[in-house]
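The whole structure should be built from the sequences, with the hints applied where relevant.
Residue numbers (the numbering used here), protein chains in the order written: chain A, 1 to 322; chain B, 1 to 87.
FYI, nobody ran anything at the bench for these hints, they're computed from the structure.
Owing to the predicted nature of the structure, the values given are computational and were not obtained by experimental measurement.
Among the hints, erroneous ones may be present.
[What the hints assert, rightly or not] Stretches of chain A that chain B covers, calculated by requiring three or more beta carbons in the stretch to come under 8 angstroms of a beta carbon on chain B:
1) 198 to 210
2) 281 to 292
[What the hints assert, rightly or not] Beta-carbon label-pair distances, calculated as ranges:
3) A:V25 <-> B:P19: 38 to 44 angstroms
4) B:E33 <-> A:E311: 48 to 54 angstroms
5) B:A18 <-> A:R316: 48 to 54 angstroms
[Unchecked claim] Here are a few chain A residues that face chain B, going by a calculated C-beta distance under 8 angstroms:
6) M10
7) S11
8) Y58
9) W150
10) V156
11) I246
C-beta atoms are modelled at their ideal positions from N, C-alpha and C, and glycine is treated no differently.
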Amino acid sequence: MGVRVLKPGMSTTIQDRGRYGYYSVGIPPSGSLDQFSSFAANLLVGNPDEAAVLECTYLGPQLLFEAPCVVAVTGADLPPLVNRVPRPLWESFEVSEGDVLSFDYLTAGARAYIAFSGGIDVPEVLGSRSTYTLGSMGGINGRVLAEGDWIALGPVDGSRVGRAVPEALRPTHPYQREIRVMMGLFDHRLTATGRETFLGTDWRLTPVADRTGFRYQGAELEFKDRTPPFGAGSDPSNIVDAPYPIGSIQVPSGIEPIVLHRDAVSGGGYCMVATVIGADMDDVGQSPPNITTRFVEVDLETALQARRDREARFARLREELA
Amino acid sequence: MSHEIRSPIPGVFYRRPAPDQDPYVVIGSRIEEDTQVALVEVMKNFHPVVAGVVGVIASIEVEDGGMVGPGDVLMTVDEAPGEGAVP
Numbered sequence: 001m002g003v004r005v006l007k008p009g010m011s012t013t014i015q016d017r018g019r020y021g022y023y024s025v026g027i028p029p030s031g032s033l034d035q036f037s038s039f040a041a042n043l044l045v046g047n048p049d050e051a052a053v054l055e056c057t058y059l060g061p062q063l064l065f066e067a068p069c070v071v072a073v074t075g076a077d078l079p080p081l082v083n084r085v086p087r088p089l090w091e092s093f094e095v096s097e098g099d100v101l102s103f104d105y106l107t108a109g110a111r112a113y114i115a116f117s118g119g120i121d122v123p124e125v126l127g128s129r130s131t132y133t134l135g136s137m138g139g140i141n142g143r144v145l146a147e148g149d150w151i152a153l154g155p156v157d158g159s160r161v162g163r164a165v166p167e168a169l170r171p172t173h174p175y176q177r178e179i180r181v182m183m184g185l186f187d188h189r190l191t192a193t194g195r196e197t198f199l200g201t202d203w204r205l206t207p208v209a210d211r212t213g214f215r216y217q218g219a220e221l222e223f224k225d226r227t228p229p230f231g232a233g234s235d236p237s238n239i240v241d242a243p244y245p246i247g248s249i250q251v252p253s254g255i256e257p258i259v260l261h262r263d264a265v266s267g268g269g270y271c272m273v274a275t276v277i278g279a280d281m282d283d284v285g286q287s288p289p290n291i292t293t294r295f296v297e298v299d300l301e302t303a304l305q306a307r308r309d310r311e312a313r314f315a316r317l318r319e320e321l322a
Numbered sequence: 001m002s003h004e005i006r007s008p009i010p011g012v013f014y015r016r017p018a019p020d021q022d023p024y025v026v027i028g029s030r031i032e033e034d035t036q037v038a039l040v041e042v043m044k045n046f047h048p049v050v051a052g053v054v055g056v057i058a059s060i061e062v063e064d065g066g067m068v069g070p071g072d073v074l075m076t077v078d079e080a081p082g083e084g085a086v087p
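This is how it looks when you write it as C-alpha cells:
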C-alpha cells in the first residue's frame with residue numbers, strides 16, 4: 001500500500017497536528033500550517049485526527065498510486081486531477097491502482113493538503129510524523145519530498161468517498177487579509193507613530209515566506225530612543241534575548257515584519273511588537289506572496305472568543321461529516 | 001502556432017542566472033523543450049522555468065524582477081521557427 005512520487009512539487013512535506021512539548025529545548029511544533037484544512041482532509045477520507053497528510057506549497061506533486069485509495073484535497077485552491085481529469089476540492093474521491101494524481105495551477109491560497117485513507121505511515125519522532133526540515137526530523141528522513149520517494153500508507157479502517165465539506169465551512173482566500181493580533185510583549189519600544197504605522201499599513205507579503213516565517217514589506221516602524229540594555233544590540237529593534245511565541249511578529253531594523261510560524265526558532269534578540277492570535281494562524285499559512293495584510297489589534301477576551309469560535313467550527317465539521 | 005510559457009509558482013521573475021550575466025533568452029532565441037528560460041524565486045529558492053516546447057521566443061511579458069503569480073504568462077513562443085531567428 002502506497003504512493004510513488006513522480007514529481008515532488010515545490011516544497012511538499014509530511015505533516016500532522018504537530019510535535020508539542022519541545023519548543024523549550026528548541027524544537028518547534030511543526031505540523032500543518034493550516035490546521036483546519038488538514039483536519040478536514042483527514043475527516044473526509046475517514047482518518048483519525050492524528051493521521052499525517054501531505055502539505056503542498058504553491059505547486060502540487062505528481063503521485064502514482066500503487067493500490068486503490070480514497071483521497072481528499074483541501075486548503076488552497078490547487079485543483080486536483082486524476083489521470084488529467086478534474087476532481088473536486090474539499091471532497092473525498094476514489095483513485096485506482098495505476099492512477100496518477102496531479103494538480104492544475106494554484107488559483108488562491110498557498111498550501112493544499114492531501115489526505116490518503118489509512119494516513120501516511122512514517123515513524124513518529126517525539127510523538128509526531130511532522131517534517132521539521134531545519135532539524136532534519138520527521139516525515140521522510142526529515143526533508144521535503146523528492147522524486148522517486150515511496151510514501152507508505154497505513155491500513156484503511158472505513159474510508160468513504162463522496163463526503164464533502166459544506167461550502168459555509170470552507171475557508172476563503174481573499175487577496176487582502178485582516179490578521180488579528182495582540183500587541184506586545186515589546187510594543188512599548190515603538191513610538192506612538194511606530195504603533196500607528198504598524199496597524200495602519202497594508203503590508204505586502206514578500207516571496208520570503210515559508211514554514212519558519214512570513215516576511216512582509218510596506219513601511220518602516222519608528223522605535224523610541226534608548227540606551228541599549230546590557231546584552232541587547234545597538235539597533236533599536238534589538239532586545240535582550242527572549243523566547244519567541246509562534247505567531248509573534250518581529251521587525252528587524254524596524255522594516256519587514258516577520259510573522260513566525262510552526263517551524264520557527266524558539267528565541268532570539270528581535271523585539272516582538274505583536275503576536276498573531278492562534279485562531280488566525282491558518283490564514284497566515286494560506287497567504288501567498290504579494291497578498292496584502294492589515295494587522296488588526298484585539299484584546300485578550302476577543303482572542304479567547306475567537307479561539308472558542310474556531311473550536312466550534314472544528315466540532316461542527318466533525319458533526320457534518322460523521 | 002503560439003505557445004505560452006507560464007509560471008508554475010508565485011514569486012519574483014528573473015531573466016538572468018545572476019545580475020551580471022546575460023539573460024537566459026531574448027526575443028528571437030531558439031529554444032528546445034528543456035531550455036531554461038527564467039527563474040522564479042520564492043521561499044529563498046530559485047525555481048527554474050523550462051520552455052516545455054520547441055520554437056522561438058516571440059515576446060517576454062514580465063519585467064525582470066517583477067512579481068508573478070501561478071499561471072501567469074511569462075513569455076510567448078512561436079512554435080514554427082521564423083526567418084532570421086537568432087540561433
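*Do at least three Cβ atoms from the segment 198 to 210 of chain A come closer than 8 angstroms to Cβ atoms of chain B?*
With 4 residues close enough to chain B, the hint holds.
*Indicate whether the distance between the beta carbons of B:E33 and A:E311 respects the range 48 to 54 angstroms.*
Holds, since B:E33 and A:E311 (Cβ atoms, about 51 angstroms apart) stay within the stated range.
*Restraint check, 8 angstroms cut-off on beta carbons, for A:W150 near chain B*: violated, 24 angstroms
*Is 48 to 54 angstroms right for how far apart the beta carbons of B:A18 and A:R316 are?*
holds, 52 angstroms
*Hold the hint about A:I246 up to the distance rule: shortest CB distance to chain B must be less than 8 angstroms.*
Since the shortest Cβ distance to chain B is 18 angstroms, the answer is violated.
*May I ask you to test the interface hint for A:S11 with respect to chain B, counting a Cβ-Cβ separation under 8 angstroms as satisfied?*
holds, 6 angstroms
*Does A:Y58 pass the interface hint, meaning its C-beta sits closer than 8 angstroms to a C-beta of chain B?*
This interface hint holds because 4 angstroms falls under the 8 angstroms limit.
*Is 38 to 44 angstroms a correct range for the gap between the Cβ atoms of A:V25 and B:P19?*
Given a distance of about 41 angstroms, which is inside 38 to 44 angstroms, the answer is holds.
*Counting residues of the segment 281 to 292 of chain A with a beta carbon closer than 8 angstroms to any beta carbon of chain B, are there 3 or more?*
holds (count 3)
*Please verify that hint: A:M10, Cβ, nearest Cβ of chain B, below 8 angstroms or not.*
A:M10 check passes; min Cβ-Cβ to chain B is 5 angstroms, inside 8 angstroms.
*Do the numbers back the hint for A:V156, that is, is its least Cβ distance to chain B under 8 angstroms?*
Hint on A:V156: violated, closest Cβ of chain B at ~32 angstroms, above 8 angstroms.
Checked against the numbered hints given earlier, this structure breaks hints 9, 10 and 11; the rest are met.
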